[in-house]
Amino acid sequence: MNVIHTKYFGKLTDVTKICDETITTDKDSTISEFEKLLIKKYPLLRSEKYAIFKNLTKIDDKNVILKNNDELSLMPPFSGG
Amino acid sequence: MAVYFDFINSPIQNFEQLIPDTDLDLQTGAVAIFKGQVRNDLINGEPVKIIEFTANEPLARTICVDILESAIKKYKLINAYILHSLGKIYAGETCFAVLIEASHRKEAFEALPYIVDKFKADVPVFGKEILENGTYAWKENQ
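Residue numbers (the working numbering), protein chains in the order written: chain A, 7 to 87; chain B, 456 to 597.
Just chain A, with the same shape it has in the complex:
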């Protein structure tokens, strides 16, 4: 069982209605598999553009396996400055 701390930023909070949550999975999953789980929970995420960061590192390879207590951040395009 893995506990994944999931955070949502910017425009994505319109979809999720929350900024963060803890999601428990029964077994190890890749980021891709976890993302599918999120989209099942929040179908409107499918039409949003965002980058995924694991523990403050941007993820380009979604085959990376998530470990217990990893933090996943979903961030839309930045708009500071």
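Everything labelled a hint here was simulated from the structure, so no lab data went into it.
Cβ coordinates follow ideal geometry from the N, Cα and C atoms, glycine included.
To spell it out: a stretch of chain B is covered by chain A in this simulated footprint if at least three of its residues, at any positions, have a beta carbon under 8 Å from a beta carbon of chain A; those stretches are:
| no. | stretch |
| --- | --- |
| 1 | 505-511 |
| 2 | 564-575 |
| 3 | 579-585 |
| 4 | 588-597 |
Under the rule of at most 27 Å between Cα atoms (straight-line distance), these lysine-lysine pairs were calculated in the DSS-like manner:
| no. | chain 1 | residue 1 | chain 2 | residue 2 |
| --- | --- | --- | --- | --- |
| 5 | B | Lys575 | A | Lys64 |
| 6 | B | Lys583 | A | Lys17 |
| 7 | A | Lys64 | B | Lys528 |
| 8 | A | Lys17 | B | Lys504 |
| 9 | B | Lys583 | A | Lys60 |
| 10 | A | Lys33 | A | Lys68 |
| 11 | B | Lys573 | A | Lys68 |
| 12 | A | Lys17 | B | Lys543 |
| 13 | B | Lys573 | A | Lys17 |
| 14 | B | Lys561 | B | Lys528 |
| 15 | A | Lys55 | B | Lys504 |
| 16 | B | Lys573 | A | Lys13 |
| 17 | B | Lys573 | A | Lys60 |
| 18 | A | Lys17 | B | Lys490 |
| 19 | A | Lys17 | B | Lys575 |
| 20 | A | Lys23 | B | Lys543 |
Fit chain B to the supplied structure of chain A, relying on the hints for placement.
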């Protein structure tokens, strides 16, 4: 060499006084400052009244320090500082400020847009544009 970045939960006023004291470097010949203000752009005919800024703060801090350190190295700057507001900032108020100290104006003039552009592209800050009529839209950087 000093780099400094912080978030501030208000509009930025008296920018230079908000930067922690650093030793006066007698090799500084040029100081360049950029201030970004909230504009009352029209969105679907409605003016922007407020931008509410949020951020992934731990990641933003790491990336900002990297940007400043790379600018110092690339342009041989002496010091470089950034402040950015979080929370609700009204049109006309300053939400973003960059200050660069260099020996000569050439380095200062070249480094300033580099830092501003890198911040806008790479730092995880998000702006919700709240319009006069109470509706909102999410800011998109050009």
